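Visitor: Based on these hints, arrange chain B on the given structure of chain A.
Here the protein sequences line up with chains A and B, keeping their order. Numbers given in my numbering equal positions in the first sequence, counted from 1, plus 14. Numbers given in my numbering equal positions in the second sequence, counted from 1, plus 1.
Please keep in mind that the hints were generated in silico from the structure rather than gathered at the bench. Among the hints, a few may not be true.
Cut-off 27 Å, straight-line C-alpha distance, at most; resulting in silico cross-link-like pairs (BS3-like, lysine-lysine) [unchecked claim]:
1. A/100 to B/64
2. B/64 to A/99
3. B/71 to A/134
4. A/28 to A/134
5. A/99 to A/180
6. A/180 to A/32
Source: prediction; values computed, not measured.
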Amino acid sequence: MTTNHPVYTEHTDKEAGKLGMWIFLFTEMFLFGGLFLVYAVFRSLYSEDFHHAADELNTFIGTLNTVFLLTSSMTVAMSITAVQKKERSVALILVLTTLILASLFLVNKYYEWSHEFHYKIYPGSDVVRNMPRGELLFIGLYFMMTGLHALHVIIGMILLLICLVKIKTHQISDESHLLLDNAALYWHLVDLIWIFLFPLLYLIT
Amino acid sequence: MNETSPHITGYITYVIVLTFLLVMTFLSVAVTSYHLGSFTVALALIIASIKVTVVLNYFMHLKSESLFLKLCVSGVFLLFALVIIITFIDYLYR
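This is chain A alone, in the form it adopts within the complex (with noise of 0.2 Å):
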């Protein structure tokens, strides 16, 4: 309860806290959830030059993007139990180590793009415009969920950022860490959605 007396007593409830952002990550699911849907119809309209169109996404960068944000979503997940074990530098080196693989992700999926856009392959381009029907919706599909997926990589970063700063002021602490648990399940989420973009997009050639 807030009083006025002038001490001031920290008051975070864990569990609501906790329950809020699973909350906010039934809303994500359900963001994405609608792109998965209008995928399956339109896969299923079009499953012929949906795979086609999957046949010239590079597997192998998928694949290295899927290893990059499992090991980071292991490191986050580390991080807390340094927290809570009072590990500060070992827990500082695991979310910097989270960050640099998430970097590692967005170099790769730079790279992905641009030999895509060197190919005149972004929604709108008139070579997408002269393709079947059901390429043309697998081009927009594909560009519209790795980039929202690629936006929340970035939000992911700066959430880690902002815990990477704050274990190293003592704000986060073995007694306090429901920032970064919260962080960690957002970036968690981020893997999970990725692992069903993965098979979907790159794999089913």
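Guide: Same frame as chain A, now just chain B:
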């Protein structure tokens, strides 16, 4: 101090989980490189579902969360499955 903190997962657990996830990833890449027709998609999705379950339970600690939260998460996935099924019933039988 330790009894107040709910649950500390060891580093080793996470390494084992990651190894499992990576093996599953390479398995799905290997499986889909064989042309098994529509079976490929089903297999890739089954592997993805296993991976998601593992991430939810171990990385996101759902395993040690309350029953309420577990039911919520299951409910969300169930709802999404229903949305997909209903949409497809509409598309396939209109």
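Visitor: Run through the hints listed earlier and report the numbers of any the structure violates, in increasing order.
Guide: 3, 4
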